[in-house]
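Sequences listed follow chains L and Z, in order.
Counting along the first sequence from 1, when you hit position 169 you're at 169 in full-length UniProt numbering, and nothing is skipped either side.
Counting along the second sequence from 1, when you hit position 63 you're at 63 in full-length UniProt numbering, and nothing is skipped either side.
In short, the hints are calculated from the structure, not lab data.
Every value quoted in this text rests on a predicted model; they were computed, and no experiment measured them.
Note that CB positions come from ideal geometry on N, CA and C, so glycine has one too.
Treat the hints with caution; some may be incorrect.
Computed list of chain Z residues with no C-beta within reach of chain L, every gap over 12 Å [what the hints assert, rightly or not]:
| # | residue |
| --- | --- |
| 1 | Q5 |
| 2 | R6 |
| 3 | R8 |
| 4 | L15 |
| 5 | A21 |
| 6 | K33 |
| 7 | E47 |
| 8 | D48 |
| 9 | D55 |
| 10 | D57 |
| 11 | F65 |
| 12 | N78 |
Straight-line C-alpha distance at most 30 Å; calculated DSBU-like pairs for lysine-lysine [stated by the list, open to error]:
| # | chain 1 | residue 1 | chain 2 | residue 2 |
| --- | --- | --- | --- | --- |
| 13 | Z | K33 | L | K50 |
| 14 | Z | K74 | L | K197 |
| 15 | Z | K33 | L | K197 |
Listed below, chain by chain, are the residues.
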Amino acid sequence: MSDRAALVTGASRGIGKATATKLAERGYDLVLHGHGADAVAAVAAELSEKFGVTALHAHGDIADPATSKALIQLAFQSFKRLDALVVNAGTHAAGMLGMTDDATIERLFAVNAAGAVYTLRGAARLLARGKDPAVVLLSSITASRGIAGQAVYSASKGAVAALARSAAKELGPQGIRVNAVEPGFIRTDMLDTLDEKGREERIGDTALRRLGEAEDVADVIAFLLSDQARFVTGQVIGVDGGLKL
Amino acid sequence: MSELQRLREAFRTALDLPADAPVDDLRYQDNEKWDSLAHMSLVATIEDEFSVMIDTDDVINMSSFQEAISILGKYGINFNE
């Protein structure tokens, strides 16, 4: 068993998978979560084989508190502690405020906001037993900057940034660091809804003139979880290539 | 050491009480040392002592020493001496 154990939610694809891969590369043992069973099982098997780490997995809707409960129990049974937590599971929906139905509003907050709280709440006591424990939550650059057509999504991700800031103060005395990252436009499934024109517009809004890659975000997350960030907590860090919104 | 004695020790340790302090009638927030911060420390101490992971609902409901006995029973800890 390696020195550190991490739980990553939403690890089946995109930023979550890239982060899990980065941590496995660094020797972390993992508990991985995915919404569906097959995809996360495949990621766990791949990382275990490639990097020789323990990679356990569980699946379920992160908006259901039972899912995070099962993940925490799995981490407890396997490692008795957590050294790192990445709260990445999320959902996206765009739409003008007046055109967003009740179910979409409830779903965005249930997954992005409440799901993050359930996960962090459950993991906190295992993190308190960890070595140099650290948490990274995934917010969004739209939360701090605002963007037309994503008011509800932005609000749900703003809750995540607020959670990081307050949890950092509450958990800091136990030695647990809590930070958040705000990705900009990252080439993941969440951007699949954009047509070519929309994609070009997003690139034009980005100072570095490209979409971000999941690995761009994963590298920052891995840094925030590492000893190199040992005096960094309560921060919300943009990973957006210089986005102007 | 019996399970009951282990639980008493866990309470005394987590709440920073004297070694001979009676704890069987302790209730949350009745004792000045058992506040919300100490409660989280108490839960962690109990979890370590009995090697269990206590659900959030049970953490919230653990409002007395006797309630702790009842809750831990659900996790297979037997307090019958």
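Each hint, compared with the structure:
No Cβ of chain L approaches the Cβ of Z/Q5 within 12 Å, the least distance being about 23 Å, so the stated non-interface status holds. Every CB of chain L lies more than 12 Å from the CB of Z/R6, the least distance being 18 Å, so the non-interface label holds. With 12 Å as the threshold on Cβ separation, the claim that Z/R8 sits away from chain L holds: the shortest Cβ distance comes to roughly 22 Å. Against the 12 Å criterion, Z/L15 stays outside the reach of chain L, whose nearest CB is about 17 Å from its own CB.
Listed as a non-interface residue, Z/A21 keeps its Cβ farther than 12 Å from every Cβ of chain L; the least gap is roughly 25 Å. Remark: the non-interface label on Z/K33 is consistent with the geometry, its nearest Cβ contact in chain L lying 17 Å away (cut-off 12 Å). Listed as outside the interface, Z/E47 is inconsistent with that label: its C-beta sits roughly 7 Å from the nearest C-beta of chain L, within the 12 Å cut-off. At roughly 8 Å from the closest C-beta of chain L, the C-beta of Z/D48 falls inside 12 Å, breaking its exclusion from the interface.
The non-interface label for Z/D55 is inconsistent with chain L: the shortest C-beta to C-beta separation is roughly 7 Å, within 12 Å. Not every C-beta of chain L lies more than 12 Å from that of Z/D57, the closest at about 9 Å, which undercuts listing it as non-interface. Listed as a non-interface residue, Z/F65 keeps its Cβ farther than 12 Å from every Cβ of chain L; the least gap is roughly 20 Å. Under the 12 Å C-beta cut-off, the non-interface status given to Z/N78 relative to chain L holds; the minimum distance is some 21 Å.
Annotation: proposed proximity of Z/K33 to L/K50 is violated, straight-line Cα distance about 50 Å (limit 30 Å). Note on Z/K74 and L/K197: the hinted pairing is violated, with a Cα-Cα distance of about 58 Å set against a maximum of 30 Å. For the hint linking Z/K33 to L/K197, the alpha-carbon distance of about 62 Å lies beyond 30 Å, and the restraint is violated.
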